Amino acid sequence: MIIKNRRFLSILLLVLIQGCVTSGAIPQSKSAPLNVETQEKILLAANNQVGLIEFYKSHLKERESTEFRQKLAKTYLSNLDPESALFTIRPLIDKPNTSLESDIIASKAYMDMGDYQNAEAILIAALPGEQRSGEVANLLGIIYAEQGELAKARTMFESARTSFYDDIKVKNNLALLDMLEGDNLQALQRLAVLLSDEQTDPQLKANLMLIMAKNGQREFVFDGLDKSLTETQAEQIYQALKSSSVLSLNSNKEALSKRDKTIAPVANGTVVE
Numbered sequence: 000m001i002i003k004n005r006r007f008l009s010i011l012l013l014v015l016i017q018g019c020v021t022s023g024a025i026p027q028s029k030s031a032p033l034n035v036e037t038q039e040k041i042l043l044a045a046n047n048q049v050g051l052i053e054f055y056k057s058h059l060k061e062r063e064s065t066e067f068r069q070k071l072a073k074t075y076l077s078n079l080d081p082e083s084a085l086f087t088i089r090p091l092i093d094k095p096n097t098s099l100e101s102d103i104i105a106s107k108a109y110m111d112m113g114d115y116q117n118a119e120a121i122l123i124a125a126l127p128g129e130q131r132s133g134e135v136a137n138l139l140g141i142i143y144a145e146q147g148e149l150a151k152a153r154t155m156f157e158s159a160r161t162s163f164y165d166d167i168k169v170k171n172n173l174a175l176l177d178m179l180e181g182d183n184l185q186a187l188q189r190l191a192v193l194l195s196d197e198q199t200d201p202q203l204k205a206n207l208m209l210i211m212a213k214n215g216q217r218e219f220v221f222d223g224l225d226k227s228l229t230e231t232q233a234e235q236i237y238q239a240l241k242s243s244s245v246l247s248l249n250s251n252k253e254a255l256s257k258r259d260k261t262i263a264p265v266a267n268g269t270v271v272e
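Everything in the sequence shown is counted per numbering that gives the first Met the number 0, starting at 0 for the first residue and increasing by one.
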């Protein structure tokens, strides 16, 4: 799904998703240096992506660690650097006894790079058939949706739900499939039950805004926008969302593109991993 007037996309990104990345070193007491676990917690609490990358790299320089290598790769993914994530996780997935977590990280990196063939191959080889986990099924659903195979995508999302994978994420992804198939009312009904959840993911809230706009729920959209916007600005955003068109997923150039992370620009609708 793509907003035809892209001037509103940057506004939506600003008012719907807010992130804070803090840079700089961690302050340490001269008398009591912080231990590794505490340093990591501080960086995570501050959402200091750059600091986390340097933190994990410094420990990997001292000694090899599967845990820190996986964390570093995941931080690269969060920092929109899938190439570095894949480079970091490669030594682990090249081992004969690679773990499912490493394979999932590698698959997400390939997905972010638009290489769905390798992403799919890794997931299918990692956990085939009846052993497939909910997370793997959900990722395969995203891959199939990206390639326009909506029926296969729905089957995978339903499989993820059957495996008790995160229900909010799966409902979000199914709702986006509903919208791609033109059933905006079904998408709204699927997500409406999640409105009371105060911990709703920002991506899900953005999708709700889009779905509500396409169902004519003007007041809901206005309530969800930044209060600093003028009524004229809010109306422009509402109309842009309401009139957005859905592009075919048969072409990679027109496919929804990632970036939760879970496929990505807010105004386009976001699949959740």
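One or more hints might be untrue.
[As the list claims (entries may be wrong)] Subject to a maximum C-alpha distance of 25 Å in a straight line, what follows is the list of computed DSS-like cross-link-like pairs (lysine-lysine):
#1 Lys-226 <-> Lys-170
#2 Lys-241 <-> Lys-204
#3 Lys-73 <-> Lys-170
#4 Lys-73 <-> Lys-56
#5 Lys-213 <-> Lys-241
#6 Lys-73 <-> Lys-94
#7 Lys-94 <-> Lys-40
#8 Lys-241 <-> Lys-226
#9 Lys-213 <-> Lys-226
#10 Lys-151 <-> Lys-170
#11 Lys-40 <-> Lys-60
#12 Lys-170 <-> Lys-60
[Unchecked claim] Simulated restraints, written as ranges between beta carbons of each label pair:
#13 Thr-37 <-> Glu-63: 31 to 37 Å
#14 Phe-86 <-> Ser-242: 37 to 43 Å
#15 Ser-64 <-> Gln-188: 25 to 31 Å
#16 Asp-222 <-> Glu-82: 17 to 23 Å
#17 Val-35 <-> Leu-184: 50 to 56 Å
#18 Leu-59 <-> Thr-229: 37 to 43 Å
#19 Arg-89 <-> Glu-148: 26 to 32 Å
#20 Pro-95 <-> Gln-238: 53 to 59 Å
#21 Glu-53 <-> Ser-98: 40 to 46 Å
#22 Asn-96 <-> Leu-59: 16 to 22 Å
Since the hints were derived computationally from the structure, they do not count as laboratory data. As the structure is a prediction and not an experimental result, all values here were calculated from the model. Where a beta carbon is used, it is the ideal one built from N, C-alpha and C, also for glycine.
Tested hints:
no., hint, in the structure
1, Lys-226 <-> Lys-170, "violated (28 Å)"
2, Lys-241 <-> Lys-204, "holds (16 Å)"
3, Lys-73 <-> Lys-170, "holds (24 Å)"
4, Lys-73 <-> Lys-56, "holds (13 Å)"
5, Lys-213 <-> Lys-241, "holds (4 Å)"
6, Lys-73 <-> Lys-94, "holds (19 Å)"
7, Lys-94 <-> Lys-40, "violated (30 Å)"
8, Lys-241 <-> Lys-226, "holds (20 Å)"
9, Lys-213 <-> Lys-226, "holds (21 Å)"
10, Lys-151 <-> Lys-170, "holds (16 Å)"
11, Lys-40 <-> Lys-60, "holds (20 Å)"
12, Lys-170 <-> Lys-60, "violated (41 Å)"
13, Thr-37 <-> Glu-63: 31 to 37 Å, "violated (23 Å)"
14, Phe-86 <-> Ser-242: 37 to 43 Å, "holds (42 Å)"
15, Ser-64 <-> Gln-188: 25 to 31 Å, "violated (46 Å)"
16, Asp-222 <-> Glu-82: 17 to 23 Å, "violated (40 Å)"
17, Val-35 <-> Leu-184: 50 to 56 Å, "holds (51 Å)"
18, Leu-59 <-> Thr-229: 37 to 43 Å, "violated (49 Å)"
19, Arg-89 <-> Glu-148: 26 to 32 Å, "holds (28 Å)"
20, Pro-95 <-> Gln-238: 53 to 59 Å, "holds (56 Å)"
21, Glu-53 <-> Ser-98: 40 to 46 Å, "violated (25 Å)"
22, Asn-96 <-> Leu-59: 16 to 22 Å, "holds (20 Å)"
Of the hints listed earlier, those the structure fails to meet are numbers 1, 7, 12, 13, 15, 16, 18, 21, in rising order.
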